[in-house]
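Fit chain B to the supplied structure of chain A, relying on the hints for placement.
Number of protein chains: 2
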Amino acid sequence: MMKVEILCTGDEILSGKTVNTNYSHIARRLGEVGLDVIWGTTVGDDRASLLAAFREAGGRADAVIVNGGLGPTVDDLSQEIAAEACGVPLVLSDYWMQRMTESYARRGRVMPANNRKQAMLPEGAEFIDNPIGTACGFAVTIGKARFLFTPGVPREMRRMLDEQVIPRLLKLGGITGVTRLKRFHTFGIGESRADEMLAGIPGLAIDGEIKLGFQAHYPQLETKLAVRGADEADLNSRLAPVEAEVRRRLGNFVVADDNETLEGVILRELRARSLTLAVGEDYTGGNIAARIAPLAGAEGVFRKGVIAAGPSAETLRAESGASHALAVSAQLDEGPDRPDFGATITVQIADARGTVSRTARLIGGRDWVRVGAVELGLDCLRRHLLGLPVDERIDFERR
Amino acid sequence: MMKVEILCTGDEILSGKTVNTNYSHIARRLGEVGLDVIWGTTVGDDRASLLAAFREAGGRADAVIVNGGLGPTVDDLSQEIAAEACGVPLVLSDYWMQRMTESYARRGRVMPANNRKQAMLPEGAEFIDNPIGTACGFAVTIGKARFLFTPGVPREMRRMLDEQVIPRLLKLGGITGVTRLKRFHTFGIGESRADEMLAGIPGLAIDGEIKLGFQAHYPQLETKLAVRGADEADLNSRLAPVEAEVRRRLGNFVVADDNETLEGVILRELRARSLTLAVGEDYTGGNIAARIAPLAGAEGVFRKGVIAAGPSAETLRAESGASHALAVSAQLDEGPDRPDFGATITVQIADARGTVSRTARLIGGRDWVRVGAVELGLDCLRRHLLGLPVDERIDFERR
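Just so you know, the sequences run in chain order A and B.
Taking our numbering, the leading residue of the first sequence gets 1, the next gets one more, and so forth.
Taking our numbering, the leading residue of the second sequence gets 1, the next gets one more, and so forth.
Just to be clear, a hint being listed does not mean it is correct.
The list makes no distinction among identical chains, and a pair is therefore deemed to hold if it is satisfied within one copy or across any two copies.
What the hints assert, rightly or not - Under the rule of at most 30 Å between Cα atoms (straight-line distance), these lysine-lysine pairs were calculated in the DSSO-like manner: (1) Lys-144 with Lys-182; (2) Lys-144 with Lys-3; (3) Lys-182 with Lys-171; (4) Lys-224 with Lys-182; (5) Lys-224 with Lys-117; (6) Lys-182 with Lys-17; (7) Lys-144 with Lys-224; (8) Lys-182 with Lys-117; (9) Lys-144 with Lys-17; (10) Lys-17 with Lys-171; (11) Lys-144 with Lys-171.
Simulated from the structure, these hints should not be mistaken for lab results.
This one's a predicted model, so the numbers in the text were calculated from it and none came from an experiment.
Next up, chain A with everything else stripped away, as it sits in the complex (with noise of 0.2 Å):
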């Protein structure tokens, strides 16, 4: 197995001003394609640290993801410090001075002359593209390891993580064929239950031939499935049977898939049906508005928003004029927080045919218990919408 090192670079990050959420992101993206991460360092923009940051991983990685230090500025120092490991002088790229002159005059802009310190790479190194940004990328070897470099820009690193870095690294690592990962995202259910609920499905576990795993980010979890196949018919003909299966069983609880999301799928059933919402709730003090009304073309679908103890949807229905009210209130337990702490949380959503209604008891702290109750009235109205029971009962409450 080709073991991968993580080298995160700058002053920034070492100091803890930023958090570290592009470490993050290399190392799951590349646990979903089947690559382990073994080892992850932090250095600053310090030419000592680096080169020695450097060495170490060069002796102890099959190859080594460095991130940040490419930028135009003194103290961006990567390519500098990897032409020195490597023992090699700094040339400049023609082709990379090129297209970043170009880029500057196509917005009508002359190109900054720190620029030119980002054309500069070791020489022999290999090139990689950035297709968003001034900050190129290369691979050099130092030691045993292949050094992938990136820039710390996350939008440029993730784009270029997923198109140049991860191709690369399986290439070396003698692993073919394509990638896929399905994601389901659940409201209702804990990750000890989903992997019960999943329990048994040939082909699918943690290890399996299809790798399965969670992810929980209260109230919602994630339910991934990373499948490796020789191309794309032999990865649908092997997914398609597994993805079936996990949706069957994860059943009602899945609010959305893959990057949609639970507020985008209800706007999507109102705007395929024309329909219209308006939104009251108290204790959630416009959470729940907050989810849907700031979205792009929920302009002509969400009517109106009211934070006041009281209104029923039946009434929010006919003072808006929507077709569908969603009305959402907590009555929260009396004094401090302590462990049975909670609230009784009360959803109604009204429409023509009347109002439906599903009470829960959800426990946990004040801040703890809003957040479930913003998804418990979000999720019920994307079930009141689907034709799906709206009182199925969700692990975070209490009967």
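Same frame as chain A, but now just chain B:
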């Protein structure tokens, strides 16, 4: 200068499943008390990696903070590998066994057998107390560095860091006295402008006697003054004049101090004067109400929120019966996001004396503009309540 390394352990962190906010918290806190982090390492729950990481850090740093791996389960390996690196056996801490047993007994429970593992420490280790959990810390020397072990649970780590670890590090580094961190939260000025506004204050600089630092959390900026003194009296006498001068220069842009928030300041002012509030918003879609309505103590103050196009602050005030009404609306540019994309934000505040209003053109993508509009609306309300000018130009707007 003492070199400090942070060594984070655990498969969840290494694999990116959990974002490593413990690292950034530790590094930031150390920076605030004048300690320099020179290296960060992340390894998984793996014996060989842990041992190698301990040995490398012991050859590189003067002090190493290890985070994680102190739990009761078999994949928690920090004590075991620390003992191996020191060449000593693990021995049971009767003291910690007793503390854990008592803690369980107080909650009417019996301690599970596997918690015993958490009282096994390397022979000769210095005990580091954990007042709120079952994972005690400890310190040992490996190579030339003192290693201080802390639990991965953020709440426990943070408390032990401040109360136990930092004092030990300051002592190790021969740094005496007491420290304090003074924080100002501002809205409307960027980091470079704040830096200019604070230029030339005696003793205040990035590397000054009183250490100046900024942390941008758009749309707010945090300005930090870190100071060390021989004792509290010395510290007060040195900080007071600088703090006063910083406050004077940042002026009306300061929205809150230390652990306060903009919305908390607004609520405090409303409560102190027995005022009540209604909020109307369109493009911000509930996000303004969601900052105030859920606060503890807002029940009697927040009368109503409305999310809909149109209603003026005056109308809102009349309808809701609140003493004050804040209305924030946005006129978004047409078409897709582009470099000069933006919105015109109108803020109205109505009270018994009439309506004041403020218009600002914010530049940025849709989400960026929305976040700015929320803050602008809240800040105008704060300014109005405190008798400050509502119409002071901010860095994010174009005129």
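Hints, one by one, checked against the model:
Taking identical chains as interchangeable, the C-alpha atoms of Lys-144 and Lys-182 are never at most 30 Å apart, the minima being 34 Å within one chain and 48 Å between chains. Taking the closest pair of Cα atoms, Lys-144 and Lys-3 come within 30 Å of each other both inside a single copy (11 Å) and across two copies (29 Å). With identical chains, the CA atoms of Lys-182 and Lys-171 are at most 30 Å apart within one copy only, with a shortest distance of 22 Å there and 52 Å across copies. For the identical chains of this complex, Lys-224 and Lys-182 are intra-copy neighbours only, at 6 Å inside a copy versus 44 Å across copies, given an alpha-carbon limit of 30 Å.
For a Cα distance limit of 30 Å, the shortest separation of Lys-224 from Lys-117 qualifies neither inside one copy, at 41 Å, nor across copies, at 33 Å. For the identical chains of this complex, Lys-182 and Lys-17 are inter-copy neighbours only, at 16 Å across copies versus 34 Å inside a copy, given an alpha-carbon limit of 30 Å. In this assembly of identical chains, Lys-144 and Lys-224 lie within 30 Å of each other by CA distance neither inside one copy nor across copies; the values are 33 Å within and 44 Å between. In the homo-oligomer, the alpha carbons of Lys-182 and Lys-117 never lie at most 30 Å apart, since the shortest distance is 40 Å inside one protomer and 39 Å across protomers.
Proximity of Lys-144 to Lys-17 under the C-alpha cut-off of 30 Å is restricted to the inter-copy arrangement: shortest distance 28 Å between copies versus 33 Å within a copy. Taking the shortest Cα distances, Lys-17 and Lys-171 sit within 30 Å of each other only across copies (25 Å), while inside one copy they are farther apart (36 Å). In the homo-oligomer, the alpha carbons of Lys-144 and Lys-171 lie at most 30 Å apart inside one protomer (16 Å), although the nearest pairing across protomers, at 41 Å, exceeds that limit.
When held up to the earlier numbered hints, the structure conflicts with 1, 5, 7, 8 and fits the remainder.
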